[in-house]
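Asker: This is what each chain is made of:
There are 2 protein chains.
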Amino acid sequence: MSKIYVAIIGAGGVGKAFISQLASYSSRNPSLNITPILISRSKTALISPDYSGLSLSNWASDLASATTPPPAFPTETLKFLSTAPGPVILVDNTSDEAIASSYPQFLSAGIHIVTPNKKGFSSSIDLWNGIYSAAKNGDNANGKGGFVFHEASVGAGLPVLSTLKELVETGDKIRKIEGVFSGTMSFLFNSFAPLSGDNGGKGFAECVVQAKELGYTEPDPRDDLNGLDVARKLTILARLSGLAVPSPTSFPIQSLIPSELETAKSAEEFLEGLPRFDGEMTKKKTDAEASGSVIRYVGSLNVERKEVKVGLESFAKSSSIAGLQGSDNIISFYTERYGANPLIVQGAGAGAEVTAMGVLGDLIKVVQRL
Amino acid sequence: MSKIYVAIIGAGGVGKAFISQLASYSSRNPSLNITPILISRSKTALISPDYSGLSLSNWASDLASATTPPPAFPTETLKFLSTAPGPVILVDNTSDEAIASSYPQFLSAGIHIVTPNKKGFSSSIDLWNGIYSAAKNGDNANGKGGFVFHEASVGAGLPVLSTLKELVETGDKIRKIEGVFSGTMSFLFNSFAPLSGDNGGKGFAECVVQAKELGYTEPDPRDDLNGLDVARKLTILARLSGLAVPSPTSFPIQSLIPSELETAKSAEEFLEGLPRFDGEMTKKKTDAEASGSVIRYVGSLNVERKEVKVGLESFAKSSSIAGLQGSDNIISFYTERYGANPLIVQGAGAGAEVTAMGVLGDLIKVVQRL
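Line by line, the protein sequences give chains A and B. Read in order, the letters of the first sequence are residues 1 to 370 in UniProt numbering. Read in order, the letters of the second sequence are residues 1 to 370 in UniProt numbering.
Hints should not be assumed to be uniformly reliable.
[Stated by the list, open to error] Using 27 Å as the maximum straight-line C-alpha spacing, the simulated BS3-like pairs for lysine-lysine come out as follows: (1) A:K136 to B:K3; (2) B:K136 to A:K136; (3) A:K144 to B:K144; (4) A:K136 to B:K165; (5) B:K176 to A:K365; (6) A:K173 to B:K16; (7) B:K365 to A:K136; (8) B:K3 to A:K165; (9) A:K365 to B:K165; (10) A:K365 to B:K136; (11) A:K144 to A:K202; (12) A:K317 to B:K3; (13) A:K144 to B:K365; (14) A:K173 to B:K365; (15) B:K16 to A:K136; (16) B:K16 to A:K165; (17) A:K365 to B:K43; (18) A:K3 to B:K365; (19) A:K365 to B:K144; (20) B:K165 to A:K3; (21) B:K144 to A:K3; (22) B:K173 to A:K16; (23) A:K165 to B:K365; (24) B:K16 to B:K43; (25) A:K16 to B:K165; (26) A:K176 to B:K365; (27) B:K365 to B:K144; (28) A:K144 to B:K136; (29) B:K173 to A:K365; (30) B:K284 to B:K317.
[To be verified] Negatives, chain A to chain B, calculated, CB over 12 Å: (31) P49; (32) D96; (33) E206; (34) L261; (35) V354.
[Stated by the list, open to error] Here are the computed distance ranges between Cβ atoms for each label pair: (36) B:T263 to A:S196: 47 to 53 Å; (37) B:D223 to A:S250: 48 to 54 Å; (38) B:T68 to A:R369: 33 to 39 Å; (39) A:E260 to B:G201: 55 to 61 Å; (40) B:G201 to A:N29: 57 to 63 Å.
By construction, these hints were calculated from the structure, which means they are not laboratory data. Because the structure is a prediction, the values reported are computed rather than measured. Each residue gets a CB set at the ideal place from its N, CA and C atoms; glycine is no exception.
So here's chain A without its partners, still in its complex pose (with noise of 0.2 Å):
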């Protein structure tokens, strides 16, 4: 078989843990001919100019001491990979919005894209459409277009975006898909508003600030309670299952933010004032256990009534969605075909690894298809 070449953008977190499996992969399989042609970060970037490959054994020092800037986004990044002599695979381990945009130009180039970036699926919906009509597995089926796989913008390795598109192709009707989308999120509230009621009298900000300190939220944590990040995956899944969602803000979220906090200047600022809120969130959390609730941060998005919303909810004690533990996600899909009991997957839905994993099993997904 011929080679296949691997460009790498984002070399962080999931970067790091990505290569690391895919020089397993690699080796496991030696006939594929993984390639790798370029691994860049912000500043620097290993390149292979001559489509050779780089050797994945030291590249974590060989990108520290490296001093060549990466190719011009898009466009020289665009023109190395196209005049590669083989298929390549791009793989976006980044969060960056301007190299989700310009997904369409690498597709329509037949360059493959798997990611875990979930901008260039929630932003707006003319970018989507972009994506997907440039797409080999979208529209542009007959066409050179490149596959593009994102399983990891949701629920990060957990099989949701393949077993929503499964339930799709094979004809089954989407009614509702709910669930804790969130690892933060669910950590937070888990700590919170544990089954068990007692949580050893931690107000939300303290949660907060615990959760911040074991590395479950983002640096700024406002980043995680601003509800954004479930909108987005939500988005997903919403355009998936056949509605048009517009934008990742065109429908209701509810900020965990207080409005009266919306205008601190830092993290810091924004943690020190939290305290003084922690009655609000008591009540909520006091009036769902008067009724053998407790409350969780839910997406849920309901195809025939085409609402999709985002927010605090009650929910039995007995429930899935009560009973998960630590930063668990859980995605329930109810549907025509599974009836009243919702086909439901459940786990770890971020951290380097399985986002990583998620990442490297799209990967796998284009090399059969090729």
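Chain B: place on chain A using the hints.
Answerer: Same frame as chain A, now just chain B:
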């Protein structure tokens, strides 16, 4: 695109649902040129000898009035299929071991196979090896082998095998797989030993009769109660996890057929005798309740210890397995990457529509790889 030929063996519950879903898929995707050339049941068949294709609009009544016998299996069928002027997908919707034992021949001839039939993958390890050494997605990747997919052989349409394969292919280490793998056993124990503890005083035998009347068991409930169906599913999961289990009876299987009733000459005689053993099962249930648990019929495989087993176990009432509803299946994958909290897939694991969906999903996988 040239035509994709499809041959369907078996037109019972799953077969009927599959053909209906295929007809609908085909009309949604006319460019694929899905061309059915054979629909057969034991005595009669619809055949398109010139490969021009059968109409799926009246297939059921056409088959009901058909007098043509099916082509002899395997020789004539193989000849007919391998002479087709394009790719052929053989859909085996039977549970016939004789058909399954011919898969290697069909795969070697480049014919693709999709099936919910467990027999090919859960009988002798020699047959398994024969299948996977002939298959293109096995050791015959560079030859002209056909693809083989059998998602619906475990958990019907639930993404069980695809998830396991992706975990393995991306280099995760499977530690343990545990779950409820039988809709019958799920229903039976959810009614006999519900979470509430109160089943209205029904003994185990009465629950079996009720499950049979509601259509949850095989015509002869002993075919469920002997545990072999679950053992076959565990055999498949074990082999995909890298344990070369020699046969579906090469590990401990707890049969729920009392030894005194093993010689019963009919299902009726068996069901008549069963109430005499209600006391034993009630004791197991009561013992579990005393420690806040319920009994469930589960299968598990521990890859590190190379242990596979099937039988009754107690589960804490707060566990996912105990909380299962109706006839749902639940499958928990414990892996290195997922750590303490497993990746869980849950939902209906039996029924014609969801089984057919698993088969059609596999057919789509083949189509995407052509």
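Asker: None of the hints should be skipped; say for each whether it holds.
Answerer: Results of checking the hints against the structure:
The suggested pairing of A:K136 with B:K3 holds, with an alpha-carbon distance near 19 Å, which does not exceed 27 Å. With a C-alpha separation of about 23 Å, the suggested pair B:K136 and A:K136 falls inside the 27 Å cut-off, and the hint holds. The suggested pairing of A:K144 with B:K144 holds, with an alpha-carbon distance near 25 Å, which does not exceed 27 Å. Between the alpha carbons of A:K136 and B:K165 the distance comes to roughly 24 Å, so the proposed pair stays at or under 27 Å and holds.
Taking the CA atoms of B:K176 and A:K365, the gap is about 25 Å. The hint holds against a cut of 27 Å. A hinted pair counts as satisfied when its Cα atoms are at most 27 Å apart, and A:K173 with B:K16 qualifies at roughly 19 Å. Annotation: proposed proximity of B:K365 to A:K136 holds, straight-line Cα distance about 15 Å (limit 27 Å). Distance hint between B:K3 and A:K165 is fulfilled; the C-alpha atoms sit about 24 Å from each other, no more than 27 Å.
The hinted pair formed by A:K365 and B:K165 meets the criterion: a straight-line CA distance of about 12 Å does not exceed 27 Å. Of the supplied pair hints, the one linking A:K365 and B:K136 holds, its CA atoms being roughly 15 Å apart against a limit of 27 Å. Of the pairs offered as hints, the one joining A:K144 and A:K202 is violated, with about 57 Å between alpha carbons and a cut-off of 27 Å exceeded. For the hint linking A:K317 to B:K3, the alpha-carbon distance of about 53 Å lies beyond 27 Å, and the restraint is violated.
Restraint check: the Cα-Cα separation between A:K144 and B:K365 comes to about 20 Å, which is no more than 27 Å; the hinted pair holds. Between A:K173 and B:K365 the CA atoms are separated by roughly 20 Å; this keeps the pair inside 27 Å, and the hint holds. A distance of roughly 32 Å separates the Cα atoms of B:K16 and A:K136; the hinted pair therefore is violated under the 27 Å criterion. Annotation: proposed proximity of B:K16 to A:K165 holds, straight-line Cα distance about 23 Å (limit 27 Å).
The straight-line distance between the Cα atoms of A:K365 and B:K43 is roughly 40 Å, outside the 27 Å bound, and the hint therefore fails. Taken as a hint, the A:K3 and B:K365 pair is honoured in the structure, with Cα atoms around 23 Å apart against an allowance of 27 Å. Taking the CA atoms of A:K365 and B:K144, the gap is near 20 Å; set against the 27 Å cutoff, the hint holds. For the hint linking B:K165 to A:K3, the alpha-carbon distance of about 24 Å falls within 27 Å, and the restraint holds.
Straight-line distance between C-alpha atoms of B:K144 and A:K3 comes to about 20 Å, which keeps the hinted pair within the 27 Å bound. A hinted pair counts as satisfied when its Cα atoms are at most 27 Å apart, and B:K173 with A:K16 qualifies at roughly 19 Å. Taking the CA atoms of A:K165 and B:K365, the gap is about 12 Å. The hint holds against a cut of 27 Å. Pair hint B:K16 plus B:K43 holds up; C-alpha atoms about 16 Å apart against a cutoff of 27 Å.
Pair hint A:K16 plus B:K165 holds up; C-alpha atoms about 23 Å apart against a cutoff of 27 Å. For the hint linking A:K176 to B:K365, the alpha-carbon distance of about 25 Å falls within 27 Å, and the restraint holds. Proximity of B:K365 to B:K144 is assessed by CA-CA distance (about 17 Å); at most 27 Å being required, the pair is judged to hold. With a C-alpha separation of about 25 Å, the suggested pairing of A:K144 with B:K136 holds against the 27 Å cut-off.
As the CA atoms of B:K173 and A:K365 are separated by approximately 20 Å, the hinted pair is consistent with the 27 Å bound. Restraint check for B:K284 and B:K317: the C-alpha separation of about 15 Å stays at or below 27 Å, so the hint holds. Annotated as non-interface, A:P49 keeps its C-beta farther than 12 Å from every C-beta of chain B; the closest such distance is 30 Å. Non-interface status of A:D96 relative to chain B is upheld: no Cβ of that chain comes within 12 Å, the nearest being about 24 Å off.
Annotated as non-interface, A:E206 keeps its C-beta farther than 12 Å from every C-beta of chain B; the closest such distance is 24 Å. Distance check on A:L261: its Cβ is at least 32 Å (rounded) from any Cβ of chain B, clearing the 12 Å threshold; non-interface status holds. Not every Cβ of chain B is farther than 12 Å from the Cβ of A:V354; the closest lies at roughly 5 Å, contradicting the non-interface assignment. Taking 47 to 53 Å as the suggested C-beta distance range, the pair B:T263 and A:S196 conforms, at roughly 51 Å.
Hint check: B:D223 to A:S250, Cβ distance near 53 Å, so the stated range 48 to 54 Å holds. Checked against the given bound of 33 to 39 Å, the beta carbons of B:T68 and A:R369, roughly 38 Å apart, stay inside it. Between A:E260 and B:G201 the beta carbons are some 59 Å apart, a value that agrees with the proposed interval 55 to 61 Å. The hinted range of 57 to 63 Å is satisfied by B:G201 and A:N29, whose Cβ atoms lie roughly 58 Å apart.
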